Structure formats: C-alpha cells, structure tokens
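Each chain, written out:
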Amino acid sequence: MEALLALMIGVLTACGVYLALRARAFPVVLGLTYLSYAVNLFLFAMGRLSIGRPPVIDAAAAGYTDPVPQALVLTAIVISFAMTAFVIMLALKARAELGNDHVDGRES
Amino acid sequence: MSLGLVVLIPYLGAVLAAWVARFGRLHSAWVAALVAGLALAWLLPHAPTTFAGATVVQRLAWLPAVGLDLAFRLDGLALLFALLILGIGLLIILYARYYLSERDSMGRFYAYLLLFMGAMLGIVLSENLIQLFLFWELTSLASFLLISYWQGREEARNGARMALAVTGAGGLAMLGGFLLLGEIAGSYELSVILASGDAIRAHPLYVPMLVLVLLGALTKSAQFPFHFWLPHAMAAPTPVSAYLHSATMVKAGVFLLARLFPALSGTPEWAWLLILAGGFTLLLGAFFALFKHDLKGLLAYSTISHLGLITLLFGMGTGLAAVAGVFHIINHAIFKAGLFMAAGIIDHECGTRDMRRINGLWKYMPHTATLAMVAAASMAGVPLFNGFLSKEMFFAESVHLSAGLTHGWLLLVAVVLAGVFAVAYSLRFIHDVFFNGEPVDLPRTPHEPPRWMKVPVEVLVALCLLVGILPAVTVEPVLAMAAASVLQGPVPPHDLALWHGFNPALLMSILALAGGLLLYAARKPLFVLADRWQGRLDARALYQRLLQGLFALAGGVTRALDIGSLQRLIALFVASAVLLGAAGFLGGEAPLTGGRALLPVDGVSLLATLGLLAASLGAVALHRRRLAALILTGAVGLVVSLVFIKFSAPDLALTQLSVEVVTVVLLLLALYFLPQRTPAESGLARRGRDALLALAAGGGAAALAWAVLTRPYESIAPYFLAQSVPEGGGRNVVNVILVDFRGFDTLGEITVLALAGLGIYAMLERLQLPGPDRDAEGRPWDWDTHPAIMASLTRLLLPLALLTSVFILLRGHNLPGGGFIAGLVTAVALIMQYLANGAAWTHARLPPNLHPVIGWGLAVATGTGLASWAYDHPFLTSTFGHFDWPLVGEFELASAMVFDLGVYLVVVGSTLLILIYLGLMHGASHVLRPDEEAR
Chain A
1 MEALLALMIG VLTACGVYLA LRARAFPVVL GLTYLSYAVN LFLFAMGRLS IGRPPVIDAA
61 AAGYTDPVPQ ALVLTAIVIS FAMTAFVIML ALKARAELGN DHVDGRES
Chain B
109 MSLGLVVLIP YLGAVLAAWV ARFGRLHSAW VAALVAGLAL AWLLPHAPTT FAGATVVQRL
169 AWLPAVGLDL AFRLDGLALL FALLILGIGL LIILYARYYL SERDSMGRFY AYLLLFMGAM
229 LGIVLSENLI QLFLFWELTS LASFLLISYW QGREEARNGA RMALAVTGAG GLAMLGGFLL
289 LGEIAGSYEL SVILASGDAI RAHPLYVPML VLVLLGALTK SAQFPFHFWL PHAMAAPTPV
349 SAYLHSATMV KAGVFLLARL FPALSGTPEW AWLLILAGGF TLLLGAFFAL FKHDLKGLLA
409 YSTISHLGLI TLLFGMGTGL AAVAGVFHII NHAIFKAGLF MAAGIIDHEC GTRDMRRING
469 LWKYMPHTAT LAMVAAASMA GVPLFNGFLS KEMFFAESVH LSAGLTHGWL LLVAVVLAGV
529 FAVAYSLRFI HDVFFNGEPV DLPRTPHEPP RWMKVPVEVL VALCLLVGIL PAVTVEPVLA
589 MAAASVLQGP VPPHDLALWH GFNPALLMSI LALAGGLLLY AARKPLFVLA DRWQGRLDAR
649 ALYQRLLQGL FALAGGVTRA LDIGSLQRLI ALFVASAVLL GAAGFLGGEA PLTGGRALLP
709 VDGVSLLATL GLLAASLGAV ALHRRRLAAL ILTGAVGLVV SLVFIKFSAP DLALTQLSVE
769 VVTVVLLLLA LYFLPQRTPA ESGLARRGRD ALLALAAGGG AAALAWAVLT RPYESIAPYF
829 LAQSVPEGGG RNVVNVILVD FRGFDTLGEI TVLALAGLGI YAMLERLQLP GPDRDAEGRP
889 WDWDTHPAIM ASLTRLLLPL ALLTSVFILL RGHNLPGGGF IAGLVTAVAL IMQYLANGAA
949 WTHARLPPNL HPVIGWGLAV ATGTGLASWA YDHPFLTSTF GHFDWPLVGE FELASAMVFD
1009 LGVYLVVVGS TLLILIYLGL MHGASHVLRP DEEAR
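Going down the list, the sequences are from chains A and B. The numbering of the first sequence is the numbering used here, which starts it at 1 and goes up by one. The numbering of the second sequence is the numbering used here, which starts it at 109 and goes up by one.
Think of the hints as simulated: they come from the structure by calculation, not from any bench. Worth double-checking, as some hints may not be accurate.
To be verified - Below 25 angstroms or equal to it, Euclidean Cα-Cα: the simulated SDA-like pairs (lysine to any residue) are: (1) A/K93 x B/H1030; (2) B/K754 x A/V39; (3) A/K93 x B/P878; (4) B/K754 x B/G719; (5) A/K93 x A/D104; (6) B/K754 x B/P708; (7) B/K754 x B/G711; (8) A/K93 x B/T786; (9) A/K93 x B/R874; (10) B/K632 x B/A622; (11) A/K93 x B/G946; (12) B/K754 x A/A23; (13) A/K93 x B/L776; (14) B/K471 x B/P558; (15) B/K754 x A/D104; (16) B/K754 x A/A96; (17) B/K754 x A/F86; (18) B/K754 x B/D710; (19) B/K632 x B/M463; (20) A/K93 x B/L863; (21) A/K93 x B/K632; (22) A/K93 x B/F395; (23) B/K754 x A/L98; (24) A/K93 x B/A947; (25) A/K93 x B/P956; (26) B/K632 x B/F395; (27) B/K632 x B/H539; (28) A/K93 x A/A23; (29) B/K471 x B/F395; (30) B/K754 x A/L35; (31) A/K93 x B/M463; (32) A/K93 x B/D883; (33) B/K632 x B/G719; (34) B/K754 x A/I79; (35) A/K93 x B/V563; (36) A/K93 x B/I678; (37) A/K93 x B/V123; (38) A/K93 x B/R676; (39) B/K754 x A/M46; (40) A/K93 x B/H539.
Small disclaimer: the values here were computed from a predicted structure and weren't measured.
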C-alpha cells in the first residue's frame, strides 16, 4: 500500500512539474494544483499509513493514526485553494493588461 | 512599568506630533516639547534613588520561554544618558522650531525626532541585551529618516543610506556578539552579565564575541575605519546633526563600551582593539577637521576625533580612564551641541557654510559669535571651560598608560599632536568665521537670529562655563553616580579641579595650545597642500567600490539566471532541487527502504491508484484542451479525497472534497475569459527536456515518500491524543489541534485566507475582460443561462445544504467536521444559487457585501483569544463545560467552538468573495439574447 501512495505522489509531482513548465498561464495554474495535491499527500504521509483508525477519541477504538500531519494538511488544503485563486486572478489580470496569457507576458 | 513609559511616551508622541501638524505649522513643535518634558517628568522621580547608588530594574514578561523579558534598568549611566537625551532633545526641539523654514514639514520632522528619542532612551534604559539591540536598530532606522529629511536632495539620500548601511552592518555583527555573550553569561540580563565579567573573559569564545560587539559599537561611534559615514550624514538639517552627533546616535557606541565595561574590559584584546581604533580616529579626525572648509564638515571630523578620544579612554581599561571617558561624554555632548547649533545659525543667516566665504561675522552677530567662541574654546580644551578638565584627565591617563608600554612615547606624541590639531581647528572655527576680514559674496546679509533661537545655545554655553569653573559643585555628583555604575564598584579618587599643580598633563595642555596657535598661523601653505591631496585619502571611495562591486555581482547573478522567462526559472529551480536531493541521498549511507511493516495492497486501492494515474497523465496529455484537462484534474482531486478516507483521515477527505468543488468552479469561471486551447509552442526538444525534469522530480518525490513511509518514527501525537478530551474538551483530535492546541497557527491561516480574498477583490476591481461569444468548437453559448429545473432544484437544496453545514460546524469538535469544512459547504451551497439563478437574482436575496463577514470572522476568532486575557490566561486559552438543556439533553460547549465559528465566517466570506466577483464579471461580459437586447 505504501508503494501505491509513493507512486501517486511521484506521478502527481511529475505531472505538476511538467505542467508548471508550460508557457501559458492556465496549464501552469493546473500544474500548481497538481503540486499541491502531491505536497499535501506527502505531508500526510509523514504520519505513516493506517487503516480504520481515525483520530477521533472513542472508547471502542483499537488505536489512532497521527492527527498532527492531518491538522497541518487540512489548513494547507484551504490555503492551496486561496493560492490557486490568487494565481488564476493574476493570470486574468495579466491577460487584461497584456492581451495574452503567456507566462512572460509576450507572444512568442 | 514607569521606566517603560519613559521609552513609550516619545513613540506615542511621535504619532501625535505628526497628526497635529495638520492644524498648524508650529503645533508639532509644542507637542514635541510637551512630550519630551513629560518623559523627563516621568523619569525624574527615580533620580534620587539612582543618585543614592541604587539600580532600578522593572520588568514585564514578554517571551518568558526564551528568557526574554521587557526589562528596563535605571542606574547612574542610564540616568546620565537619559538626561542628556531628553535635556539636549528639548533644546533641539526649541532650536528646530526656528531653524526649519516654511517649506519644511514640521510634523514629519518632529515625528522622526521623537521616534529617534524613544529609540535612544530604549537603548540606555534596557536591561536585556536583545531588547537593547532592538532599540539600537531602531536608532539606525530613525536616523536614516532624519538624515534623509530633505528627501529631494541626492546627498541627503546618499548620506542616509551610507549611515544605515554602515551602522546596520555593525548592528548585525553586534547581534551575533550579543547572542554569544548571552550564551557565555547564561543570561541576556545586564545584571547577570555585569556581575560575571571574570567568567566571560576566561571563556574560549571571548575574542570572537568581543570583536563582534565592538564592531557594533565602533561603527555606531564612527571609529576608524568606519568613520566615513559621519561627515556624509551632515546632509541632514543642522538640528538633526546637533542632536545625533553630540548627545545621541554616535554616543550610543561609546555608551555600549561604558555599559559593558565591567564585563568585557581589562584584557589585552579589549585594550589593543580600542586603543588602536580610538587613537587612529582621534588623530585622523583632528587632522581632517582642520582642512575642511565646510563649517559642519569641520565639526563632523572634530566629532569623530572626540569619539576616538573617548574610545581610547575606555580602551585603557583603568577606573580613572573610565571616569575621564564618562566625563568627556558629558562635556562633548554639551559643547558640540552648542557648536552645531551655532553653525546652524550661521548657515541660516549667511546661506552658506563655506568658511572661505564666511568671514568677519563678529560685527554682524556679536552675540552669536560670543556664544560660539566659548563653545569652541571648550572644544579646544582651554582652561576655565569644561573641555579642558576632561582633556587634562585624558592627558594624565595617557601619561599613566604610556609609562607601562615599550614605545609609550609614540602614544604621547599622537595624543599631543591630536591636541595641537584640536586647538588649531577650534581656532579656525573662531578666527576664520568671526574675524579674518570681510565676508565674501554671501547670498544673504547676516544678522542676529531670532531671540529664542539663541536660547538653547546660551543654556549649553552657560553649562560649559559652570562645569568648567565649578566642576566639584556642578558635575561631580552626576559623574560619580555614572562612573559608579560604569565600574559597578567604587569610583577611584579623582579631583575635579582647575589646578593640579605642574605635572605632565599640564605640560601637554600647554604644548597643545601653543602648537595649535603656531599651526593655525602657518595654515595657508598647509591648506594648499591639503587641497591638492583632497579625495586621495578617502575611506568612502573604498565603501563606494565595495558597494558597486556588490551591486555588479548581484546584477550579474540576476542577469545570468533571470532572463525574464518563468519557464527557465522554474526549470533551474526544479533541476537544482533534484540535484541537491540526489547528491544528499547518494552521499549518505542510509538504505532507501526502512524496516516498517507494510500494509497489504487490496483491489479497490489498486483500482483507485490506476484511476488517479490515468486521470493525471490524461490531463497532461490533453493539457492543450483546457476544459478536458480541468475536468480530469477534478477527478484527480476526488481520488485524493478517497486516499484520505482510506487512510483514516475523514476530516481531510471532507475538506478535499469541498475544496475540489470550489476550485473547479473557480477555474471554470476563469477559463471563460482565457483561450480555450493552449497553442502548441514548445518543440520536441523542449518537451523532452521538461519531461525528463518532471520524471526526475517525480521519481525523487516518490523515492522520498517511499523512504519515509517504510520507516518507523517517533511522534508527538500521543500528547495530543491523550490531552484532547481532558484539555480541549473535544474528541475530534484534528479539530481540537486546529482550534485549541495550535489555535494561534489557525488564526494566522485564516488571516492569510482573508488577505488572499481581499487581494483578489482588489485585483478584480475595475478589471475589464472581453468574454467569448462562442466556445472552442465555434458553437454559440446557450442563451438559456439559467435552466428552470436546475434553478428550482438548487433553491430546494439550499436549506438542506445550510442545515448540513451547521451540523458539520457544530459537531466538528467531536466528530469529523469543523469550521473549515462547514464554511466550504456553505460557500458551495451559496455558489450553487449564483450558478443556477444568476447573480442578479441572488444578489437581491443575499447581502452583496462580504467584507463584513470576513471582518467579523477575524474579530470573533481574535476576540475568543483575547477573552482569555480577561481571566488571566495566555492568548487563546480555551475552556469548556457541560450544559443541560431540557428536551435536547446534556451537551458540551467549548470556547474553541466560538473560535471555530470565526474560522467558518472567514472561509465563507473569502471563498464567496473570490467566486462571486469573478462571476459578476461574467454577467457584465455576457452577450445578451437578441430579444433581451431589444428590450
């Protein structure tokens, strides 16, 4: 199972990097989204994997997974959204000001 | 905390002084004077205690965990400096009121001056070294503002920048020194440090620490080779120079030497560093002062020279030398402030400061001339004036020191030579300006300044005479008090008197006076020589070259890496990250796979993984068709939330799911305004390179994740799991961490979110974007923008969705949920209304202004934190209790749930703000149906 998660993180990172290297704003924003997925999963992985042990205190529970990375990732997800929104607005603003959506602001 | 108030009053006063300027030009001066007077009144009640020899220390816990308190200390040295800062400050305030012209902004000037005054008071009254450093940096910043007060002048800006660069760099070194000192002494409190001098001097890190601390002191006090910033700071208005270079800024450096004297002095390193720096500075400053034709330039170099003298005295390390050093600090502050003010009056009345043109002013302004002559005589060290007394003590100490050195006569020659030059330049200040023929081509006809402009000079000159003639009555108590706290012990016997009998010191004084007279008489050929050598011996040139080199290096690196291409920068960044990571891994011995037991793979997980791989790789393959790529990205996000569910993170799954919805809606809205297709631009080689980079980065991330996942680890989790219910009153540990244990972090996060929302709002304001009237395939958009079935359904769903979000919010403390998720659910529910019914319809039914929602959210969250102060608990301490409500039964309420409500409001407000304003642009850009247009 660990291999599957490592594979997911790797593929998401690769897709994110490839898209972030494109010349147009929209794919770059998508690339950042992929990188956010990868980073969030990676941070989550710091707590290692366990199945059926949510960190909700319960007398019947056999054990709990690590809640700290989860708390970290929860806010990270929300902040990634804010960041994505900010970047896409920058892209729109650049489109309005420069007339194209090339990341360097020039048609080439 | 009355001492803290002494420091705080000028800061509050600065704001007030800037504000009242709008009601009248001179109001600021009155306010500034009142503020300085108030600070003085606050300080004086402590004076009797301090004169009695006691040290007052007052403290307020600041960061107790790292041993950092806001601690203020008032002892003799601190009181002496505080009196100088406030007393001379008051005179400067009065003087500047007449000095500044109609065009200068009074409010700005006095605000800066008070800021500076507060920072200086902070330095001298600090008990804690780190706190002292903070105020030290504040003086650098405030002096930058003061020196560049005439912002329009290039030399003012350059002078200010140079002063900031030199003193700022010194301050950085000093911080390093302070940190070492604090670690050596085991405390950052002066009381401890001053008492553990022997341990500090014996420590192996003593020398590096000393060098770093002295770098700070010597740059601030303009000692060789860092002296060059001071003459350039003369571009400041003269009241600023009079303040900064007599009693305050440059005295901060020697204050530090005096302050740390018991802890650091008495070693050969201390002695040599300070004697060499001080001696060179003493001689060089005196030498250059004679050849400056600018009146303020002469005073600037003389200041450098006198600071060298003080540094040299502290370097000698004996008790008597320290007494002489403190005495000269007092005397120099008094006569130099008076001289600068006199120079300012002359500049003000003549319109120039060039001594080749200002001559024979005696008949135009005899009153000012008399005052200036007394102060200059004090500077030269003429008997009956205060400068003479401390200078003679200095000569006596030099004789004493040289007796113990192999080439001691060298020191004596240097000291006498400096005395000769001091007499000569003081004589020049008197003779060249007030006599020596007629003025040459002055822009204005000089006359006496306004009556009150002379009062501050008169006060200072009176002090020169009083101290000079009756030292034992006037200055001795202050000196004894200050010296006792410098030495932290008994003051050695010293005799402040005009006449000590015939001794070497008197001989040196006579030599200096006679030599100075002779030197001045022979000045003409020397000036010619000096003019020829002008600019060759200039430390500033070195500084400029260093600065230019630094700029060139930075520019070169920037140009090499940044050619204005984001792609190139990202590629460089990813490549170096991969290389560094690979080097780190290959250089180590650790195996890739650790020893943790792995979980077995099941079919569903395998299928989900394959789904994620297919969707993400598909998105990359189809990325030029943007809509398709976006939809596939949404699918990837869904699989990610499935991963969270599988591995025991229900909160994360809920968050990811709801964020995914808003992200996709957001990107869809944005995509409307962008090209639907990405043109094929990169060639095969570029795509190949990018793919390689992406594979390397992905491989690295996967390897790293694998290495981590297969290793066992220690976690701080057990603490949170154990304390969640008893301390936080909630069973959902993730939520309790967010709103309780780490509530402060969450407060920061929602602030970021609020700022992002507001930033986007600001960007979208007045943004005009043309919307396309056809989609990528060339088909016109459907006219029916709000289908009736969807509209009706979403209206029905709204109450249910809102109910769900309230449910999620309320249960969040004990079961998966909470403010973040509930906020996102509410946002999604409301956005559905916009999508299905249109902005106009929804706006009519919902408050259109979302800023108050965000503001209230932040206010509620912060207020919950502040409320704990009312119960004497630290910020954001939470509490909870169990309540019984008839019919509902027993339930639990925690103050952290109120905090969560704040989180909820911020998330709702920010998310809606972002999406709605983007959506409103759609409405503005959408093409109307032909029959709508007709109406």
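These are the hints, each one checked on the structure:
{"no.": "1", "hint": "A/K93 x B/H1030", "result": "15 angstroms, holds"}
{"no.": "2", "hint": "B/K754 x A/V39", "result": "18 angstroms, holds"}
{"no.": "3", "hint": "A/K93 x B/P878", "result": "12 angstroms, holds"}
{"no.": "4", "hint": "B/K754 x B/G719", "result": "15 angstroms, holds"}
{"no.": "5", "hint": "A/K93 x A/D104", "result": "13 angstroms, holds"}
{"no.": "6", "hint": "B/K754 x B/P708", "result": "13 angstroms, holds"}
{"no.": "7", "hint": "B/K754 x B/G711", "result": "13 angstroms, holds"}
{"no.": "8", "hint": "A/K93 x B/T786", "result": "18 angstroms, holds"}
{"no.": "9", "hint": "A/K93 x B/R874", "result": "10 angstroms, holds"}
{"no.": "10", "hint": "B/K632 x B/A622", "result": "18 angstroms, holds"}
{"no.": "11", "hint": "A/K93 x B/G946", "result": "24 angstroms, holds"}
{"no.": "12", "hint": "B/K754 x A/A23", "result": "37 angstroms, violated"}
{"no.": "13", "hint": "A/K93 x B/L776", "result": "16 angstroms, holds"}
{"no.": "14", "hint": "B/K471 x B/P558", "result": "17 angstroms, holds"}
{"no.": "15", "hint": "B/K754 x A/D104", "result": "41 angstroms, violated"}
{"no.": "16", "hint": "B/K754 x A/A96", "result": "43 angstroms, violated"}
{"no.": "17", "hint": "B/K754 x A/F86", "result": "31 angstroms, violated"}
{"no.": "18", "hint": "B/K754 x B/D710", "result": "11 angstroms, holds"}
{"no.": "19", "hint": "B/K632 x B/M463", "result": "13 angstroms, holds"}
{"no.": "20", "hint": "A/K93 x B/L863", "result": "18 angstroms, holds"}
{"no.": "21", "hint": "A/K93 x B/K632", "result": "68 angstroms, violated"}
{"no.": "22", "hint": "A/K93 x B/F395", "result": "61 angstroms, violated"}
{"no.": "23", "hint": "B/K754 x A/L98", "result": "46 angstroms, violated"}
{"no.": "24", "hint": "A/K93 x B/A947", "result": "22 angstroms, holds"}
{"no.": "25", "hint": "A/K93 x B/P956", "result": "23 angstroms, holds"}
{"no.": "26", "hint": "B/K632 x B/F395", "result": "15 angstroms, holds"}
{"no.": "27", "hint": "B/K632 x B/H539", "result": "14 angstroms, holds"}
{"no.": "28", "hint": "A/K93 x A/A23", "result": "17 angstroms, holds"}
{"no.": "29", "hint": "B/K471 x B/F395", "result": "30 angstroms, violated"}
{"no.": "30", "hint": "B/K754 x A/L35", "result": "21 angstroms, holds"}
{"no.": "31", "hint": "A/K93 x B/M463", "result": "59 angstroms, violated"}
{"no.": "32", "hint": "A/K93 x B/D883", "result": "21 angstroms, holds"}
{"no.": "33", "hint": "B/K632 x B/G719", "result": "93 angstroms, violated"}
{"no.": "34", "hint": "B/K754 x A/I79", "result": "23 angstroms, holds"}
{"no.": "35", "hint": "A/K93 x B/V563", "result": "60 angstroms, violated"}
{"no.": "36", "hint": "A/K93 x B/I678", "result": "21 angstroms, holds"}
{"no.": "37", "hint": "A/K93 x B/V123", "result": "37 angstroms, violated"}
{"no.": "38", "hint": "A/K93 x B/R676", "result": "22 angstroms, holds"}
{"no.": "39", "hint": "B/K754 x A/M46", "result": "16 angstroms, holds"}
{"no.": "40", "hint": "A/K93 x B/H539", "result": "68 angstroms, violated"}
Going down the numbered hints, you'll see the structure goes against 12, 15, 16, 17, 21, 22, 23, 29, 31, 33, 35, 37 and 40, while the others check out.
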